[in-house]
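Residues per chain, in single letters:
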Amino acid sequence: MIHITSTDRYRITRWRVVMTNILSLAAGLVVISFIFMIAGVNPLFAISEIFQGSFGSVYGFKETVTKAIPLILIGAGLTLAFRAKFWNIGAEGQLLMGAIFATWTGLTFGDTLPSWGIIPLMFAAGFLGGALWGIIPAILKIRYAINEVISTLMLNYICAHILTMLIVGPWKGGTRFGFPGTDTLPEAAILSVIPGSRIHYVTLILALACAAILTMIIYWTRFGYEARVVGENPEAGKYAGIDFLKTTLILMAISGGLAGMAGVGEVAGIHQYLGYPDSMSSGYGFTAIIVAWLAKLNPLYTVISGLFFAGILVGGDAIQISLGLPAATVNIVNGTLLIFLIMGDYFLNHKISITFSTP
Amino acid sequence: MEEIIISTLQRTLVAGTPLLLATTGEIICERSGILNLGVEGVMALGAVTAFIVTMTTGSPWLGVLAALIAGMVISIIHAVASVTLQANQVVSGLALTMLGLGLSGMVGKSYVGKPLTIKMEDVTIPFLSDIPFIGKAVFSQSPFFFLAVALALGAWFLLERTRLGIQIRSTGENPKATETQGVNVFLIRYLSVIIGGGFSALAGAHLSISYSKSWIEGMTAGRGWIAIALTIFALWNPGRAIWAAFLFGGIFVVQYLMQPLGISPNFLAMLPYIATLLILLLISLKDPRKLNAPAMLSTPYKRGER
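Chains as they are written, first to last, in my numbering: chain A, 259 to 617; chain B, -16 to 289.
The reader is advised that the hints may include incorrect statements.
Lysine-lysine pairs mimicking BS3-like chemistry, simulated, CA-CA at most 30 angstroms apart [claimed, not checked]:
| # | chain 1 | residue 1 | chain 2 | residue 2 |
| --- | --- | --- | --- | --- |
| 1 | A | Lys554 | A | Lys496 |
| 2 | A | Lys554 | A | Lys504 |
| 3 | B | Lys159 | B | Lys285 |
| 4 | A | Lys343 | B | Lys97 |
| 5 | B | Lys97 | B | Lys196 |
| 6 | A | Lys343 | A | Lys496 |
| 7 | B | Lys285 | A | Lys343 |
| 8 | B | Lys159 | A | Lys609 |
| 9 | A | Lys504 | A | Lys343 |
| 10 | B | Lys102 | B | Lys119 |
| 11 | B | Lys285 | A | Lys504 |
| 12 | A | Lys343 | A | Lys554 |
| 13 | A | Lys320 | A | Lys496 |
| 14 | A | Lys609 | A | Lys320 |
| 15 | A | Lys430 | A | Lys504 |
| 16 | A | Lys554 | B | Lys119 |
| 17 | A | Lys343 | B | Lys159 |
| 18 | A | Lys496 | B | Lys269 |
| 19 | B | Lys159 | A | Lys496 |
| 20 | B | Lys285 | B | Lys196 |
| 21 | B | Lys285 | A | Lys496 |
| 22 | B | Lys159 | B | Lys92 |
| 23 | B | Lys119 | B | Lys196 |
| 24 | B | Lys92 | B | Lys102 |
| 25 | A | Lys609 | B | Lys102 |
Hints are computed from structural coordinates only; laboratory data are not their basis.
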């Protein structure tokens, strides 16, 4: 007879956390290999192409850093929301709202203000846009008990349609030859990049700074403590007199605001004009959920996990071209890795022992 | 005028059918205490499976069967994660959605934009379909419509009137007490998640082989998420889900009716999502104790814990 028993593990070392994460990712890659095999693609070749394409060359690595910028910004913000068990699935919409606000600011003041004036203004506007779009579900949840997963998702769709409405209608640029999209942003409103790459370093520095500051907020401030209590022990929080509405509003303003800033980076650093929602963000809002989860909800670690998943996005693009796989392949990789990460948590928190005995 | 009323009603029922299927499935699943946010992904997988099988075999019913199986099989992932491994159900469901959308995109790549020539014959119920106005709209419909309504009524009967239904409901309310009665809580939850997944896949099958007769990535367009909202709006009652789903089907149709009025099509496309927020707002005005939400929804059950 085989007996499998599972007992709770109380002391979890950092070493064990890292090893569990690595093993989970490895197990996920094995399953992804099987999926590739069924699809008629050599899995070893495909997976090595993914990592070759993203970390194996200078060009690839530059692209990986470029895509890590929004992932770190959004992922760091999501760690705060997820700690309070506020499931913000709406980062995609918050990113777009940030891009909308920044584009308006850039097109309106870009010709009159110098770079050092307009760029901070655009980031502030983007933060504001993302924050406003983020506090709507916060109010809906605390005041009206509306499930935030659904409200944030619905707001994603609504924001994408608002953006499309703007770029085919009032904001349609005269220089686009009738195609949807705004005019290109004025010179002063465009973020400069590290030469020979697309890395808009201002946003990169902002992302790293935000991840560091957020870590301090979560672990060292009263607000960070309150946010954790709201998530882990709401009953105790009510008893202790924590203002749930205020705490949730602030944390969603931050979470949404950071996503909004990611939107500024995309529009002012990469595209230089506002176009269709699908081209403005390649699903960063959703990938960032896994980034936050792999970072074990610690904003500082999103720098590492953000780079890793940016690598998968870049490598995914590479195998799309070289192996003719559809764009959705990245979703398979992401979904599978996320499933294995959360399954791995069980083995982190439980000790499994298997014993054999004769009946 | 009569033409417009009949065609509007008919299209409303067609648009509401996938919502009803998915909502019914989610109700069964959530009643057992498991939140499944994978509906959107499973729906997409169901859509692509049904489409490919129908196209290659020539039989829509084989397509439906294949979708059902695919939906049930992929849902096992969520069951393992959320029931056995006590994982966070929100994240697990999201992962399932990503996986479902990814797999359907990969499998269906070479089928994008191909039209389906095989038709599913409409079912016409004699006598009833002769009723003026509503008769033709309601009683001469695609088989999916009748299937959806029958399954919703069946689910209502299952949950409210059978022994298994009581076990599902009490598993969602108080799993520990249920287990002491000799019910296998894990088994009930596995069963509910898998059945729910099958329903979502049926909804997808309707979209690809009956509603639009084609496959394209992203064709589910958030219907899976709307179904999760409708589950709340229906107060976890499959009987109410029928009205909720067809009310929403109406909102999808209103888009097309209003297009000639010169309103921006992008604004009209927003309507279902705005309406989803509005109905949740409406339901929140109700006394939360009367909402009927399963007490242990999205709380993992740990065996042997005191």
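Here's how the hints hold up against the structure:
no. : hint                   : result
1   : A:Lys554 with A:Lys496 : holds, 26 angstroms
2   : A:Lys554 with A:Lys504 : holds, 25 angstroms
3   : B:Lys159 with B:Lys285 : holds, 9 angstroms
4   : A:Lys343 with B:Lys97  : violated, 43 angstroms
5   : B:Lys97 with B:Lys196  : holds, 9 angstroms
6   : A:Lys343 with A:Lys496 : holds, 15 angstroms
7   : B:Lys285 with A:Lys343 : holds, 20 angstroms
8   : B:Lys159 with A:Lys609 : holds, 23 angstroms
9   : A:Lys504 with A:Lys343 : holds, 15 angstroms
10  : B:Lys102 with B:Lys119 : holds, 19 angstroms
11  : B:Lys285 with A:Lys504 : violated, 34 angstroms
12  : A:Lys343 with A:Lys554 : holds, 13 angstroms
13  : A:Lys320 with A:Lys496 : violated, 47 angstroms
14  : A:Lys609 with A:Lys320 : violated, 41 angstroms
15  : A:Lys430 with A:Lys504 : violated, 38 angstroms
16  : A:Lys554 with B:Lys119 : violated, 57 angstroms
17  : A:Lys343 with B:Lys159 : holds, 24 angstroms
18  : A:Lys496 with B:Lys269 : holds, 23 angstroms
19  : B:Lys159 with A:Lys496 : holds, 27 angstroms
20  : B:Lys285 with B:Lys196 : violated, 45 angstroms
21  : B:Lys285 with A:Lys496 : holds, 26 angstroms
22  : B:Lys159 with B:Lys92  : violated, 46 angstroms
23  : B:Lys119 with B:Lys196 : holds, 22 angstroms
24  : B:Lys92 with B:Lys102  : holds, 22 angstroms
25  : A:Lys609 with B:Lys102 : violated, 55 angstroms
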